[in-house]
Structures are given as C-alpha cells and as structure tokens.
Amino acid sequence: MEIPYTVQPRPDTGVTNSKVGIWLFLASEIMLFGGLFSAYVFLRLGAPEWPGSMAGHDYTSASEILSVPLAALNTVILIASSMTIVMAWASLMLKNFSRYKMYMGITIALSFGFLLVKGFEYASKFEHGLFPSESTFLGIYFVLTGIHAVHVIGGIVVNSYFLGPGSKMWKTNPQQFTNRIEIAGLYWHFVDIVWIFLFPTIYLL
Amino acid sequence: MSESHAVEDALQHSEERFAEQGAEHSAEEVRKHVRTYLFIFGTLLVLTVVTVAVSYLHLPIVPALIVALLIAFFKGGLVARHFMHLVGEKPLIFQFLILTVVFVVFMFILFIWALLDQQGVRYGT
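If you're matching them up, the sequences are chains H and X in order.
FYI, my numbering numbers position 70 of the first sequence as 70, with every residue one higher than the one before it.
FYI, my numbering numbers position 75 of the second sequence as 1075, with every residue one higher than the one before it.
Since the hints were derived computationally from the structure, they do not count as laboratory data.
On a predicted model such as this, the values are computed, not experimentally measured, just so you know.
C-beta atoms are modelled at their ideal positions from N, C-alpha and C, and glycine is treated no differently.
Among the hints, a few may not be true.
To be verified - Short, incomplete list of chain X residues facing chain H, as computed with Cβ under 10 Å:
no., residue
1, His1033
2, Leu1045
3, Thr1048
4, Val1067
5, Phe1073
6, Ala1080
7, His1082
8, Phe1083
9, Met1084
10, Lys1090
11, Val1101
12, Val1104
13, Phe1108
14, Leu1110
15, Phe1111
Please model the complete structure; the sequences and the hints are all you need to start from.
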C-alpha cells in the first residue's frame, strides 16, 4: 500500500503528509522538553542554594562544576551539523547526489563528535564522584542532557540510514527522497534548538 | 550492459523523474537559500560567543537570565525560520505550533503556581 501525499502536497492542508507527521511529532517533543525545563525552573527557584553542596564542596555557580568550554564546543558542533544537514538537502535540490553524501557524512561525524565531548564531560563527573543521586542540580543536569543525548543518537540512526541503505530511493524516487531528507533535517534542527536553550540554562546561569 | 552504464542510466532516470515531479524551487532559488544559510550559520556562531562572553560579566541572576534567554530565543528563531523553513511555511504548521506554545505556557504557569503555593504565597494575602 502506498502512503498518499508523500511527494505532492495534500490539497486541503497544502503540505505533504510526512511534513504534517514530523511537525506533530515535534509538537510532542516541545511538550516533553517544555515539561523538563519547567521542572528545572521549579527545582532551581525552590532550592535554597544553587548548585549547592555536593561531594563535600560548596558550589555557588554551575560553571564551577560543569565545563563551559566543552559545552560551548558542543554548541558550535551542533550548529555546524545543522548547517551541514540543510546543505545536504540543498545538494539534493540541486541534484548533486555526491555532495549530498558528503554533507550527510559530515553531519553524522559531527553528531558523533558531540557525543564524544558529552562522554568526556560525563566521565569527568563520575571520576569526581558526581552522580545524579548526589544533588538536585546533578539530577536535573543528567536528565536534561541525557535525554537530549538520546535524541542525538536517534538522529544518528536515521541520518545513517539515509546515508546508507535508504539512499537507494534517490534512483527510483528522487523527489520523495529529497522530502525525506528535509523531514530528517527538521528533526535534527529541533535537537539543535533544544541544545541552544540547554547550554545557557544549565551551564551559564 | 556494464555496471557503470547501469548506474549512469539509473542516475539519468532519477534526474528525469525529479524534473517531471517538478521541484518547488529553481536552482537559482536554492543557491540563494544557501547564501542565507551561510549568513545564518555565521550569525549563530557569533551569538554563541556573545552568550559565553555575557556569562563572564557575572550579572545578577534576573538580568543574566533575561539576556541569556533573549539570545537563545533569537538563535532558536533563526534556526526555525531559516533552517527549518518556517519562513513561508503553510498556515497548518503555524496552527500546530501556536497550539503547542499555548499548552507549554499553561504547563509552565502550573509549575510556577505550584512553586508559589509551596512557598506559602496565596492570592490576596
């Protein structure tokens, strides 16, 4: 059975069904992260001190515990990956498949770079005995950044599929394949936007 | 037929189908978009530097929060508007987003309400 309106826009909505689907999914994601950010604000405003005492030390700012340079590097990495995935889509629009593969490959490499930096950060916390159970600050830090990292992993899986076996569609239905890359890009940009808010909220304030 | 000929044929066929299905944007339009993407990318990098620089001013929490969130909203807006193609998107997508924002704000108000209640703040007292 063929799913209708994956290439041409549906007349009554003016957009393809796949685009309606991804935006509905992103709406649910906004609710998820909105709830988490609300929980962060609730915990922070309710705490007598922030980040507070942990592992025998008193901390007065998040930047004393977390690495701002590493988080700033990760911000640059994600912004760059947003740029490369939109360039991957633009390459398909220009019918340049080899350039698409290059940009999608760079996007996936940058995604792994993000996770590598995040892994360094987590390892550094664990080495110093800073686990989620240590304090409210660390609890919300690991939950927010951990759920975001899971989204990055999800993006890597989807983008890798479109770089590998999924790219065969370019030969049979290039317009639908181009639409698929646009949809994958919408998800990836959302992951970028979440980090744009996480970075100052958790690391800098 | 050799394998290379088969690949060439497939690629030619795909380009024909692409043209038949009628891409919404012309090549020149896409190149114009690419120039915009590069400009947005540069702006986002500059704003990231500004975000970090402002944090070193050690402002009190309220102004620091306002500045950080203003920059974050501006950066997020640039990504949504240009990279996610919200500029020129169909009304249905905006209807989804407006409804979502209403629910998020309502949820946020509930959290703040609960916090104030926890701290003993009551209306009219």
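Checked hints:
no., hint, result
1, His1033, "holds (6 Å)"
2, Leu1045, "holds (6 Å)"
3, Thr1048, "holds (5 Å)"
4, Val1067, "holds (9 Å)"
5, Phe1073, "holds (8 Å)"
6, Ala1080, "holds (7 Å)"
7, His1082, "holds (8 Å)"
8, Phe1083, "holds (5 Å)"
9, Met1084, "holds (5 Å)"
10, Lys1090, "holds (4 Å)"
11, Val1101, "holds (8 Å)"
12, Val1104, "holds (4 Å)"
13, Phe1108, "holds (5 Å)"
14, Leu1110, "holds (8 Å)"
15, Phe1111, "holds (4 Å)"
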